[in-house]
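With the sequences and hints as input, model every part of the structure.
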Amino acid sequence: MTDTSLDFRVTHEDLARFIQATLAAVGANQASAQAVSRALVTASRMGTDSHGLRLLPHYVQALQGGRIKGAPNMVFQRRLAATGCLNADDGLGHLAGYTAMEHATAMADEVGIGAVAVGHSSHFGAAGCYALAAAERGYLGMAFCNSDPFVLLHDGAKPFHGTNPIAFAAPVAGESPYLLDMATSSIPWNRVQQFGAIGRQLPDQVAADAAGQVSRVPADIAALLPLGGSDFGFKGAGLGGMVEVLSSMLSGMQHGFRLLPMGGPDMATPRGVGHFFLAIKPDAFVDEGTFAQGLAAYLKDLRAQPASKNARVLAPGDREWRCQAQRDAQGVPLDVANQLAYAELAERHRITPLSRLD
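Yeah, the sequence shown ends on 637 if you go by this note's numbering, and it's all consecutive.
There may be inaccurate statements among the hints.
[To be verified] Pair ranges (Cβ atoms, derived):
#, residue 1, residue 2, range
1, Ala350, Ser587, 49 to 59 angstroms
2, Ala547, Thr569, 46 to 56 angstroms
3, Ala360, Thr569, 20 to 30 angstroms
4, Leu619, Ala547, 33 to 43 angstroms
5, Ser587, Gln309, 42 to 52 angstroms
6, Asp434, Asp607, 43 to 53 angstroms
7, Asp566, Arg598, 27 to 37 angstroms
8, Gln480, Ser587, 22 to 32 angstroms
If you're looking for bench data, these hints aren't it; they were derived computationally from the structure. Every residue, glycine too, gets a C-beta built ideally from N, C-alpha and C.
Shown next, in the form of structure tokens:
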């Protein structure tokens with residue numbers, strides 16, 4: 280009998296083990312399974328389960344349907360001293376992302392900066408994972424990705440852009456990296472689903488119904504508003520377009536409005552998702568130690584600023600690192616839906632189930 284406790288927690292190591300075993304069972308090679316596991320566990324440790332453990336059943340479905348290759352032949356071509364392109368061969372976007380950032384940081388180490396456009400890829404989870412991979416090696420990192428349409432244009436009535444994320448990370452001496460990972464929509468799509476599940480109204484100016492009218496009722500939502508809402512959505516729409524240009528045109532892929540939906544029903548045809556990654560070596564611009572000292576002073580001043588009542592000023596990433604420390608100590612929680620999904624995967628593919636922490 281499946282345990283569907285409301286307090287079901289597992290170690291992140293056991294979660295990684297289960298994800299890798301499941302993906303291997305449906306045809307992913309070791310490099311692909313490890314990359315997906317690294318990205319999903321990173322996201323869930325930081326509290327972003329929507330782009331973490333929740334995605335495993337979807338990737339299993341895409342691999343089994345043939346949309347994604349479990350053993351792709353990804354090919355990198357360096358075009359200039361600081362630029363290159365990666366053909367991901369319709370493999371898992373997580374392997375494409377980490378591979379591209381490795382090439383970007385290698386070029387940055389040599390010439391100060393490295394940029395890689397990725398084509399023929401697929402969904403890569405949380406963009407912050409790849410910016411973080413650069414920061415953990417001492418580089419500034421940026422990651423961008425397009426997706427199928429969920430978000431209205433400013434004054435638009437139908438979805439056009441995807442949530443088109445922007446991620447930026449910077450190394451901080453003696454601390455966890457500075458980490459920004461944001462959608463260019465007002466909220467992510469999963470927020471609509473979460474509010475619907477618990478019977479709550481959405482905040483104002485974040486989503487719209489099928490007629491393009493702002494609505495706070497989750498069941499009526501057909502699209503998201505760009506960052507800035509009805510009055511200032513030109514900012515979010517502009518940022519979404521910037522991500523599209525970097526992700527689609529530099530990789531030779533079609534733009535997101537023409538992508539097949541991530542959720543199917545076609546799970547056999549590759550989608551051709553595009554990504555863009557940038558790595559910068561701080562010491563290529565200033566003397567060694569200058570960047571680290573400046574960032575430390577900036578963060579010290581930022582965190583010391585007065586806050587509103589019952590609040591605290593945080594730098595990008597502070598909330599995520601706090602959540603990671605808590606989940607590393609207490610375990611990564613699985614809600615009832617994910618408990619059932621993981622139990623089904625374990626039974627179907629004959630994998631040792633997740634072990635619940637006592």
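Starting from the hint list further up, note which numbers the structure goes against and sort them upward. 4
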